[in-house]
Amino acid sequence: MADVAEYFNGKEIAEICSGTRLNNSDKFPYIKKRLNGSGGYRIYFLVLIQDENVFLIFIHPKTGPDGAENISDKAKAKYYKDVLEAIKVGNLLEVSTSNRTLSFSPLQNTDKWKARIIE
Amino acid sequence: MSTAEFSEKIAFIANDVRVLSFDEKKELPGEEEMNRLLDAVNESRKFIEAKTARTEQLTEALEAITWMTNPSEQDLSEINQLISSARDLRRTLLRTYLHLDHFSKQKNILLTEVQHLKRALDEFTETIDDVESVFFFLPKDKNFTEITDQLTNL
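For the record, the sequence lines run as chains A and B.
Be aware that the first sequence starts at 54, since it is given in my numbering, and climbs by one per residue.
Be aware that the second sequence starts at 34, since it is given in my numbering, and climbs by one per residue.
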């Protein structure tokens with residue numbers, strides 16, 4: 054996971070807006086990023102450009118004991134829906150990337166996104 | 034074993050060593066021949082690395098296309114043609130890779146370089162499929178597009 058932490062650590066929003074954009078949105082790109090080639094990781098994340106927030110959705114290695122093939126379109130849609138639901142109910146974890154590791158802690162203030170979702 | 038038998042054995046081995054030593058000296062490639070061999074290996078390495086770099090560039094270029102917002106019918110038609118051409122190129126590159134893989138394993142040379150080409154080819158293949166999904170499959174998934182609509186209201 055050190056490579057994943059390193060990828061996000063200290064980056065400007067514009068710098069992480071690369072890879073394959075899945076959702077035809079300039080403001081809220083849903084991105085698939087390949088890390089370290091075909092044997093590395095695949096990261097799926099959503100970016101709220103205006104707020105400069107990144108929602109890490111799904112990560113999988115391509116090889117090793119936890120390795121998996123690329124996810125299907127159906128799975129991409131499911132994770133996309135999952136992240137929206139998580140934002141709606143405020144079920145989010147804050148990810149920090151210090152010391153080349155990913156640390157997760159409950160995110161307290163999620164109202165700013167919840168309040169803005171029009172059902 | 035008697036002394037005479039030992040002597041005979043030693044003479045036999047000594048002869049074997051002399052013959053082998055002579056053959057080895059005869060067969061030792063000269064500096065010029067070694068340089069030619071190394072040049073050929075280096076040329077092959079450059080050839081494979083150039084193919085790998087070109088494939089990686091194409092993969093990045095394909096990824097960049099997915100950042101096109103609201104493509105027109107004409108754009109989609111061109112993207113569709115591009116996907117077909119990319120798949121054709123992939124088949125050709127795969128044949129090249131299989132040839133190089135067989136050669137490198139047989140000669141036990143340039144294994145890493147060929148492996149890098151394989152990785153680049155895998156990424157290229159994956160990206161072609163992703164581009165097709167982005168422009169032709171995901172936009173037809175109502176659940177998917179509805180989420181984008183909801184996010185737009187954030």
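For the record, the hints were derived by calculation from the structure and aren't laboratory data.
For every residue, glycine included, the Cβ atom is placed at its ideal position computed from N, Cα and C.
Just so you know, not all the hints are guaranteed correct.
Computed list of chain A residues with no C-beta within reach of chain B, every gap over 12 Å [unchecked claim]:
{"hint": "1", "residue": "Ala55"}
{"hint": "2", "residue": "Ile66"}
{"hint": "3", "residue": "Leu75"}
{"hint": "4", "residue": "Gly93"}
{"hint": "5", "residue": "Leu155"}
{"hint": "6", "residue": "Ser156"}
{"hint": "7", "residue": "Pro159"}
FRET-style restraints, in silico, Cβ to Cβ [what the hints assert, rightly or not]:
{"hint": "8", "chain 1": "B", "residue 1": "Lys140", "chain 2": "A", "residue 2": "Glu122", "range": "25 to 33 Å"}
{"hint": "9", "chain 1": "A", "residue 1": "Ile112", "chain 2": "B", "residue 2": "Met101", "range": "46 to 54 Å"}
{"hint": "10", "chain 1": "B", "residue 1": "Ile142", "chain 2": "A", "residue 2": "Glu147", "range": "44 to 52 Å"}
{"hint": "11", "chain 1": "A", "residue 1": "Asp56", "chain 2": "B", "residue 2": "Arg51", "range": "52 to 60 Å"}
{"hint": "12", "chain 1": "A", "residue 1": "Ile102", "chain 2": "B", "residue 2": "Pro172", "range": "37 to 45 Å"}
{"hint": "13", "chain 1": "A", "residue 1": "Asp119", "chain 2": "B", "residue 2": "Pro172", "range": "25 to 33 Å"}
{"hint": "14", "chain 1": "A", "residue 1": "Ile66", "chain 2": "B", "residue 2": "Ile142", "range": "38 to 46 Å"}
{"hint": "15", "chain 1": "A", "residue 1": "His113", "chain 2": "B", "residue 2": "Arg87", "range": "51 to 59 Å"}
{"hint": "16", "chain 1": "B", "residue 1": "Gln148", "chain 2": "A", "residue 2": "Leu146", "range": "50 to 58 Å"}
{"hint": "17", "chain 1": "B", "residue 1": "Gln114", "chain 2": "A", "residue 2": "Asn89", "range": "51 to 59 Å"}
{"hint": "18", "chain 1": "B", "residue 1": "Asp174", "chain 2": "A", "residue 2": "Ile112", "range": "19 to 27 Å"}
Pairs of lysine to any residue residues, derived as SDA-like cross-links and limited to a Cα-Cα distance of at most 25 Å, are as follows [unchecked claim]:
{"hint": "19", "chain 1": "A", "residue 1": "Lys127", "chain 2": "B", "residue 2": "Asn113"}
{"hint": "20", "chain 1": "A", "residue 1": "Lys131", "chain 2": "B", "residue 2": "His149"}
{"hint": "21", "chain 1": "A", "residue 1": "Lys86", "chain 2": "B", "residue 2": "Phe169"}
{"hint": "22", "chain 1": "A", "residue 1": "Lys115", "chain 2": "B", "residue 2": "Glu165"}
{"hint": "23", "chain 1": "B", "residue 1": "Lys175", "chain 2": "A", "residue 2": "Leu101"}
{"hint": "24", "chain 1": "B", "residue 1": "Lys151", "chain 2": "A", "residue 2": "Asn89"}
{"hint": "25", "chain 1": "B", "residue 1": "Lys173", "chain 2": "A", "residue 2": "Leu137"}
{"hint": "26", "chain 1": "A", "residue 1": "Lys80", "chain 2": "B", "residue 2": "Thr102"}
{"hint": "27", "chain 1": "A", "residue 1": "Lys134", "chain 2": "B", "residue 2": "Leu184"}
{"hint": "28", "chain 1": "A", "residue 1": "Lys134", "chain 2": "B", "residue 2": "Thr145"}
{"hint": "29", "chain 1": "A", "residue 1": "Lys127", "chain 2": "B", "residue 2": "Thr145"}
{"hint": "30", "chain 1": "A", "residue 1": "Lys141", "chain 2": "A", "residue 2": "Lys115"}
{"hint": "31", "chain 1": "A", "residue 1": "Lys80", "chain 2": "B", "residue 2": "Phe170"}
{"hint": "32", "chain 1": "A", "residue 1": "Lys115", "chain 2": "B", "residue 2": "His149"}
{"hint": "33", "chain 1": "B", "residue 1": "Lys173", "chain 2": "B", "residue 2": "Ser117"}
{"hint": "34", "chain 1": "A", "residue 1": "Lys115", "chain 2": "B", "residue 2": "Thr145"}
(request) Indicate whether the distance between the beta carbons of A:Ile102 and B:Pro172 respects the range 37 to 45 Å. (result) Because 21 Å falls outside the window, the suggested range is violated.
(message) Taking the Cβ atom of A:Ile66 and the Cβ atom of B:Ile142, is their distance within the range 38 to 46 Å?
(response) For A:Ile66 and B:Ile142 the Cβ distance comes to about 45 Å; the hint holds.
(request) Grab the minimum beta-carbon distance between A:Ala55 and chain B and tell me whether it stays above 12 Å. (result) holds (20 Å)
(message) Taking 52 to 60 Å as the stated bounds, is the beta-carbon spacing between A:Asp56 and B:Arg51 within them?
(response) About 58 Å separates the Cβ atoms of A:Asp56 and B:Arg51, which means 52 to 60 Å holds.
(message) Next pair to validate is A:Lys80 with B:Thr102; report whether the Cα-Cα distance is within 25 Å.
(response) holds (11 Å)
(request) Mind checking the alpha carbons of A:Lys134 and B:Leu184 for me, to see if they're no more than 25 Å apart? (result) holds (10 Å)
(message) Verify the CB-CB distance for B:Gln114 and A:Asn89 against the hinted window 51 to 59 Å.
(response) The hinted range 51 to 59 Å is violated for B:Gln114 and A:Asn89, with Cβ atoms some 31 Å apart.
(request) Over 12 Å to the closest beta carbon of chain B is the bar; see if A:Pro159 clears it. (result) holds (21 Å)
(message) The output says A:Ser156 does not contact chain B. Does that hold with a beta carbon cutoff of 12 Å?
(response) holds (26 Å)
(request) Hint says 50 to 58 Å; check whether the CB-CB distance for B:Gln148 and A:Leu146 agrees. (result) violated (37 Å)
(request) For the pair supplied as a hint, A:Lys131 and B:His149, confirm whether the alpha-carbon distance does not exceed 25 Å. (result) It is violated: about 33 Å lies between the C-alpha atoms, which goes past 25 Å.
(message) Assuming the hint says 25 to 33 Å, is it satisfied by the Cβ distance from B:Lys140 to A:Glu122 or not?
(response) Given range 25 to 33 Å: holds, Cβ gap about 32 Å.
Of the numbered hints given earlier, the model fails hints 3, 4, 9, 12, 15, 16, 17, 20, 28, 29 and 30; all others are met.
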